[in-house]
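2 protein chains.
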Amino acid sequence: MISRPWLTIAAAALAWSAPAAASNASSESVASAPLPDAMRAQLAQEYDRVIAELIRITETPAPPFKEAERAALFAAMLRDAGLSDVTIDAEGNVLALRPGREDGPVFVVSAHLDTVFPEGTPITVRRDGDRLFAPGIGDDSLGLASILAWVRALEAAQVSTLHPVLFVGSVGEEGQGDLRGVRHLFTQGAYKDRIGAFLSIDNTDAGRIVHAAVGSRRYRLAFRGPGGHSYGAFGIVNPMAAMAETVRGLYAISVPREPRTTYAASVVSGGTSVNSIPDEILLEIDMRSRDPEALAQLEAQLLAAARAAVDGENAARSIRSGAIRLDPELIGDRPAGTTPENHPLVVRAMAASRTYGFEPRLDASSTDANIPMSLGIPALTIGSGAGGGRAHSVEEYLNIERERFLAGLSVGLALIMAHAEGEPTR
Amino acid sequence: MISRPWLTIAAAALAWSAPAAASNASSESVASAPLPDAMRAQLAQEYDRVIAELIRITETPAPPFKEAERAALFAAMLRDAGLSDVTIDAEGNVLALRPGREDGPVFVVSAHLDTVFPEGTPITVRRDGDRLFAPGIGDDSLGLASILAWVRALEAAQVSTLHPVLFVGSVGEEGQGDLRGVRHLFTQGAYKDRIGAFLSIDNTDAGRIVHAAVGSRRYRLAFRGPGGHSYGAFGIVNPMAAMAETVRGLYAISVPREPRTTYAASVVSGGTSVNSIPDEILLEIDMRSRDPEALAQLEAQLLAAARAAVDGENAARSIRSGAIRLDPELIGDRPAGTTPENHPLVVRAMAASRTYGFEPRLDASSTDANIPMSLGIPALTIGSGAGGGRAHSVEEYLNIERERFLAGLSVGLALIMAHAEGEPTR
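Same order as they appear, the protein sequences are chains A and B. Quick note on numbering: the first sequence equals residues 1055 to 1480 in the numbering used here. Quick note on numbering: the second sequence equals residues 1055 to 1480 in the numbering used here.
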């Protein structure tokens, strides 16, 4: 017989649109219940297959902006797992809808297709004891492989959920991708007005619950001027001086410690020869905060500092050959946001994590969940698996010790069952 | 019969070591005399050969630090021209000694072998009317071809000079070469203690008399620190901020207008990704002056500003992961100096230029002559030929209109005849 304690929270469905209405106690008491024995047994049977699929996904390259091959593979795998409504949207995201008992708000469960590794990076998974080594294996092939295992588990138990679940393989989560896949999902995709909650599987630690989105605004500031011979044209404006004054202005800004707000002048380049006044200097700036207002204020201060630096340089030296111009280009825009700690999605994730032996803790980061959080839609990013390390390096690795790995894999499925109100029918 | 007005200045030989002792009037009256008719006729006959050799030299590549092929060609051509004592020294300079009547101080007549163009730059000379186009054709293939023409003219007329003349093809005049060829000549070469005067042929304008050496000191300043994640490590020191403060300190320095003293922050690079605090920023600085003391003072101020910037950054932000270090590297060192306007070498050059229809004017620049000028040895750089343009670009060109070209070619030979006290013997 199957115990079904998760059914006791039918009332919490209301909590989707009214988080404060749910008591922490009731949410947690439900979500901390383990998966039904049959589903847990099904997951355990899946272990070898999950590892095999994980390797296959990892070895299918998905460089930034070139995720199509992995997207096609993931779509085919979702169909194999039992879903029939699988499509690839205009941005390149893989979308697979599993209908619910009601045609209400959709629960998105997503992992990202892209890696940080450029085209041509060698990717052969190497096993060493209980570790698999390969670029991107944990970030985020593991998320994709976890979704496949969960779909098969839901299908095997013929689980019926109250809410439709939309499984997604997203493009452009990393770096310059700037969350383009999930941004499309929420602003232009077919489901954009139907998404009630969002869960991103990204990271190898099933105890890490990312409920706050660190927002970022990134600029490439171009300082352009006439340039000239270092000796013959001495006295004319130099974009280097305007860049330097901008960096100085930025580093004089005081930012709040809480919510944590940061900046960095990170990349600079310009000039062609030591005996020339340069005609262009490019400066990249990263700014982050969990607080959208603090971030907006910092951005305004940066741009004001850059404009003042340019004006100051044009006043300090000759503009007879031309003046310095500032051309700011926004190269990164990840909105900030938070899902409240007492929201049922958070409470259930914490409980599911604890149930399978992890020590859940809340964290803030920049992930696909930034987009829904910034829109006020409940969203989280959680890990799967049994830990790993060296993400974003070619030495990336993943622990796959069987029992711990299955425990980590169970957390996400338990959360889906709880939050989408899943009910096995056999 | 040959007129020999240049013999009337035998007394001016004393002026080699005592410039003020020579009256301008006597020097000029001598040097303004034209070349003997036979030598002028010999030069005129040479026109086609000079152009042919100029093309051959130009099409023999001589990238920075890779002048050996052109050096071998130039050495062979000097032997063909009639000189027997032709060697290549340890630095790669071609040296060809033409003995004098006396074994006294040597008069060096030099042109540089190297170009600014990197290995693989296509170099085929193209003719368009009275212009030849090719990278390096004027800077400084023309100087080398001029020397060959002059040697043949001296040999044909069996000219005997009072002073030995050392013809040189020098390496490393351009950019990072940092005058290494002539520096070697004056500090380590076989003739280093015997050189009484130095004439560099470099430039296509026989009216430009460079009597002042603009000295330069060039630095690559490396600012190095721990680096870290732009968000996670916010608050630690950033080498970008130290670099910026250094640029600011440099641009706050007041320099003399006369003697002209200049600086430029010219090249900057550093940082690997927008979301990282960089661990290294490199900044290149060019400083120049005709006045060695002003240059030394400017250099001291720059280095003090950089040290203060680093100290300030280490005080302003956390050094928990490490402090910013400054590593200054001297990447260019061209000493300043001047040959007085009333020195016979200058006066004779002005006169010779005027004799052949040019409007001579004194100028300051950075050339091979910087080294002897800085050592107090009389030195000049003059042009040859009939003008040109776009030096240091692949569109470089040279005017070769016959009469004007021969007039320009005559200036240097007339100056050699006057200053080395040449006397035709047939």
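Please keep in mind that the hints were generated in silico from the structure rather than gathered at the bench. A portion of the hints provided could be inaccurate.
Sample of chain B residues at the chain A side, in silico, Cβ under 8 Å [claimed, not checked]:
(1) E1299
(2) R1302
(3) V1448
All of these numbers come straight from a predicted model, not from anything done at the bench. Note that beta-carbon positions come from the ideal geometry of N, C-alpha and C, so glycine has one too.
Here's how the hints hold up against the structure:
1. E1299: holds (6 Å)
2. R1302: Given a least distance of 5 Å, the restraint on R1302 of chain B holds.
3. V1448: violated (15 Å)
Figure legend: structure checked against the earlier numbered hints; the only hint not met is number 3.
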